[in-house]
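Engineer: Residue numbers (my numbering), protein chains in the order written: chain D, 1 to 419; chain H, 1001 to 1383; chain F, 2001 to 2308.
Calculated directly from the structure, the hints in this document are not laboratory data. Watch out, some of these pointers could steer you wrong.
Unchecked claim - Below, computed lysine-lysine pairings styled on DSSO-like, alpha-carbon distance capped at 30 Å:
(1) D/LYS410 x D/LYS187
(2) D/LYS416 x H/LYS1124
(3) D/LYS220 x D/LYS245
(4) D/LYS207 x H/LYS1100
(5) H/LYS1231 x F/LYS2107
(6) F/LYS2107 x H/LYS1229
(7) D/LYS98 x H/LYS1321
(8) D/LYS392 x D/LYS274
(9) D/LYS80 x H/LYS1321
(10) H/LYS1100 x D/LYS163
(11) D/LYS207 x D/LYS321
(12) H/LYS1017 x D/LYS163
(13) H/LYS1100 x D/LYS410
(14) F/LYS2107 x H/LYS1242
(15) H/LYS1100 x D/LYS211
(16) D/LYS416 x H/LYS1100
(17) D/LYS207 x H/LYS1124
(18) D/LYS358 x H/LYS1100
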Amino acid sequence: MAEDKGKGLQSALRRRLLMGLAGAPAIALMPRMSFAAGPATSAVNTTGLAVTDTEVTVGILHSATGTMAISETGSIQAEKLAISQINEAGGVLGRKIKIIQEDGASDWPTFAEKAKKLLVNDHCAAVMGCWTSASRKAALPVFEQYNGLLYYPTFYEGLEQSKNVFYTGQEATQQILAGLNWVHKEKGGDSFFFIGSDYIWPRTSNKIARKHVENVLKGKVVGEEYFPLGHTQFNSVINKIKLTKPKVIFADVVGGSNVAFYKQLKAAGIDLSKQILLTISVTEDEIDGIGGDNIAGAYSCMKYFQSIENENNKAFVAAFKKMWGEKTVIGDVTQAAYLGPHLWKMACEKAGSFDVDKVVAASPGLEYKDAPEGYVRVDPNHHLWSKTRVGKALPDGQFEIVYTSPELIKPDPFPKGYQ
Amino acid sequence: MTRSTPKTIVNDNPFMKPMEWVSLALLVGVIFILLPMLLDAFRLNLVGKYLTYSFVALGLVICWGFGGILSLGQGVFFGLGGYLMAMYLKLEASSVENTKIQSTPGIPDFMDWNQITELPWFWKPFTSLPFTLIAVLVVPAFFAFVIGTAMFRRRVGGTYFAIITQAIAAILTILIVGQQGYTGGINGITDLRTLHGWDIRTDSAHNILYFVNAGLLVACILFAQAVKKSKLGRILLAMRDKEDRVRFSGYQVASFKTFAFCLAAVFAAIGGAMFTLQVGFMSPSFVGIVPSIEMVIYAAVGGRLSLFGAVWGTLLVNWAKTTFSESFPELWLFGLGGLFILVVLAFPNGLAGIYRTYVEPRLTRRVKALEPAPAVALSHAAE
Amino acid sequence: MFGDYSLGDLGAIFAMQGFAGLILFSVYVLMALGLAIIFGQMGVINMAHGEFMILGAYMTYLCSNFFQTQLPALFPAYFFIAMALAFLASGALGMLVEWALIRHLYKRPLDTLLATWGLSLILQQAYRSIFGAREVGVELPSWLIGSVQVTDTIEIPINGMFVMAITTLITVGVALLMYRSRFGAQVRAVVQNRAMAGAVGIDTERVDRLTFGLGCGIAGIAGSAFTMVGSTGPTSGQLYIVDTFLIVVFGGAASLLGTIASAFSISQTQSTLEFFLSGSTAKVLTLLAVVGILMLRPQGLFTLKVRR
Chain D
1 MAEDKGKGLQ SALRRRLLMG LAGAPAIALM PRMSFAAGPA TSAVNTTGLA
51 VTDTEVTVGI LHSATGTMAI SETGSIQAEK LAISQINEAG GVLGRKIKII
101 QEDGASDWPT FAEKAKKLLV NDHCAAVMGC WTSASRKAAL PVFEQYNGLL
151 YYPTFYEGLE QSKNVFYTGQ EATQQILAGL NWVHKEKGGD SFFFIGSDYI
201 WPRTSNKIAR KHVENVLKGK VVGEEYFPLG HTQFNSVINK IKLTKPKVIF
251 ADVVGGSNVA FYKQLKAAGI DLSKQILLTI SVTEDEIDGI GGDNIAGAYS
301 CMKYFQSIEN ENNKAFVAAF KKMWGEKTVI GDVTQAAYLG PHLWKMACEK
351 AGSFDVDKVV AASPGLEYKD APEGYVRVDP NHHLWSKTRV GKALPDGQFE
401 IVYTSPELIK PDPFPKGYQ
Chain H
1001 MTRSTPKTIV NDNPFMKPME WVSLALLVGV IFILLPMLLD AFRLNLVGKY
1051 LTYSFVALGL VICWGFGGIL SLGQGVFFGL GGYLMAMYLK LEASSVENTK
1101 IQSTPGIPDF MDWNQITELP WFWKPFTSLP FTLIAVLVVP AFFAFVIGTA
1151 MFRRRVGGTY FAIITQAIAA ILTILIVGQQ GYTGGINGIT DLRTLHGWDI
1201 RTDSAHNILY FVNAGLLVAC ILFAQAVKKS KLGRILLAMR DKEDRVRFSG
1251 YQVASFKTFA FCLAAVFAAI GGAMFTLQVG FMSPSFVGIV PSIEMVIYAA
1301 VGGRLSLFGA VWGTLLVNWA KTTFSESFPE LWLFGLGGLF ILVVLAFPNG
1351 LAGIYRTYVE PRLTRRVKAL EPAPAVALSH AAE
Chain F
2001 MFGDYSLGDL GAIFAMQGFA GLILFSVYVL MALGLAIIFG QMGVINMAHG
2051 EFMILGAYMT YLCSNFFQTQ LPALFPAYFF IAMALAFLAS GALGMLVEWA
2101 LIRHLYKRPL DTLLATWGLS LILQQAYRSI FGAREVGVEL PSWLIGSVQV
2151 TDTIEIPING MFVMAITTLI TVGVALLMYR SRFGAQVRAV VQNRAMAGAV
2201 GIDTERVDRL TFGLGCGIAG IAGSAFTMVG STGPTSGQLY IVDTFLIVVF
2251 GGAASLLGTI ASAFSISQTQ STLEFFLSGS TAKVLTLLAV VGILMLRPQG
2301 LFTLKVRR
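The following block holds chain D by itself, in its conformation from the complex (with noise of 0.2 Å):
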């Protein structure tokens, strides 16, 4: 562009405004030396990465205010938490992770925005970000052109595969499928009425449930309902349940509906230990905002429960805690979210380098076995092999797990068949 009009006067000016606009870019990042613990620079980095001999840059890309924040604050503790145990134990390929944190501040083209910022103007090796699918998919574009690297912690309704991101959640089917088959065989659920808040993911799920249930199940479905984000009146549809006495409330309706939805269910008088309620938009997280006492006695279906019983969870839990405070509590997306660092980390260290390409070439087939929620394994299509657990929420917040699939469920992002 004009990059060398600007000369004398202007050149100061523009310096100057630069500075007030910009803040002072980080350039000259250019390696002169190597001391590095681990290999040359020149060698772990031939793309133009922010990587010095020291240290190595990655980003954090969530929404620190705005409607999301009460999402994203989990993803972003748990991204900080697994860079300081990286950071503790030596860093990656020798070198200390910097964190630059960008707000994505719930607006998906600031997310866009911030992403191009992180990739262009800080050479971030790679990204831990995004949280709703529309942040991710405004983002997506930007790290595709500018070939990022994007850890996505969400589950979500799949219909996507992008060689520049790697999603460390459930794509719809893994959260779901076995979920279902669970609660037709132990619980006899036979019918169904599905409630979701009207947007594409629990639009999506319910389709993949519907067609789970009809041609799989051999069951029906009685009724299926959406309401708009942010809708707090649930009394009639909850009349309809009344109504239509299925055997089994599947429901994904999210942010503050979920808090009404379920207060009104229970004020109604639906006993929740003897109605069953199979839910994949609660985890711990939510119902700290619900309420124990409200949900008590519903069904989850995640791939984690803070309650998992293992070494490794143990940890993680007692760390977080030590982090940010006793009273924190950690959902599905928060440890999914604690995956993308180390499973780059590992990525980073198979291929010896920081260069995307060959992180991304190294990571299919990937291994965590230290994982949270378990033993992890990155499939070629950049989902995760991963366990699905049905709890039942307990009035302190907790869930009881009573179910876990005896086999990594393998992800499937455009299931044949459901679509």
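Add chains H and F to chain D, keeping to what the hints say.
Structural biologist: Frame of chain D, contents of chains H and F only:
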């Protein structure tokens, strides 16, 4: 509202007063020369995005500042323009070749996920670029015409109009999010690539689009200035101050209001279309109440009576937003909220008011000292 | 859809559906009452109304925590204290805001919209900084939870009835205050003719402040009551704002009776549509109907005949 009534009606009514030419030159200088020179491609693209919002603010100056009609639903028109443009771009990005992995190749990916096997009828014309460009202008205008006629005929005004437009914004958002098979739902229409074969994602394309956008903006400002200077503009002002008198003088007040509202809608739609081109996607989060109100704030900060102020206000607020939310995300909302209150309480005429009270008199004195010949008519009433 | 059900079942469902409509009605009235006073009587467009409600909700949250840890014996009764505190807190904040902000803007009603929008942003961020970004769970005393079994098949939620009772009490209270007390007469005098009211010796500034405070206080009570049925978070207040304004406008701004009638018709439409159609569609249709009717009848359902 506090405003001065015209002291004199200047007979020789020039298109722009000298100081307005200076303002225009300043604006053109900054957005065409200064910013492109100072900013890297990334920041310039950001400014380009902000400038698309200033189209909306410009429209608000006309319908709110001049016409006295506050619309809290300008996001609707911004969104319409953006979505119409996005439909064209999406169809181009969804060529049979690009989408061959889908069960129905050749339709947008989100339709395929929603089991739609054929392009809906209202999408079909959007394979044509000329049709799209016309639709971007006509559809929002028509929409505004329907809303405007229905309401202004019945003399809905002021706060009622504001609240009803707000409800319309809410309805449209719910519809777009709910009808995801046809609209892309909450994710919006994403992954837009080319405009008539021209890749809009490259830095050079962003640069060109920036200048196209800036050029359109200046054209809109000049058009708005022409409206303001015409008889129509004066009737608008008169209507805002004493609606009944204008009505009793035999003017169709409703038609003038509808016109102002339609013009604002068209401006907003142009902004929306340029937004889609520069940002590369469109989503319902620009249609709803929050963005609509934010855009009113841009106009208020700039000065609701000043066409140039609308642009400066938009740039200032967004620059502050980006800077503060980068450095102090926690404090940003305090700052933004405080700014609204400050502007409303202390500077009801915004930046333009500050400029006119403190800067312009001095400038004028300088100008007068330099060339004593022309007597500059200092009638601030119209501005 | 009703072919498979017995007459008794259907009767029970319709009875419960009727109650669902009534509960929604009460919720709407409670939401709108404060705004009807502020917007209807004073002409102030208070976009921060939702945030005043959430202040009440947070007061309830604090109260429930306090009683749980300090005075567990009194926990069953804490809700009444919480509502009183919510009223006081929101009312006090409202009076402060009136003094600092609103009183400068009475001549510019559209500007109150911008200023209070700014205020709502500030309040949201304040809640976020103080209480955290996550929603908080408010523990309810056990007697408020669950439902009353009227017959074998008819169950009525207790908290719904509680909301109905509170709404009735407050509405009657407000009506008495506005139409049967000296203060109410002053408020109405100021609304109708500020200058003349001042001239006959009414302290209009004081009346304005108290009216605004009263409206905000009622919002606080509403927020407190809604902890039983809704969520409490920094941005929860925004969920209510569009509905609330529509109800007030639809009712005809200057009329309490209008607000009640409008809340009734909107709530019944919505709850019936929700039952027979799906949720999103019901919401869109209700909003469209309201906007459509407002276009035909912009004064709302009930209006004061004022010469302009």
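Engineer: If you test the structure against every hint from before, which numbers come out violated?
Structural biologist: 11 and 12
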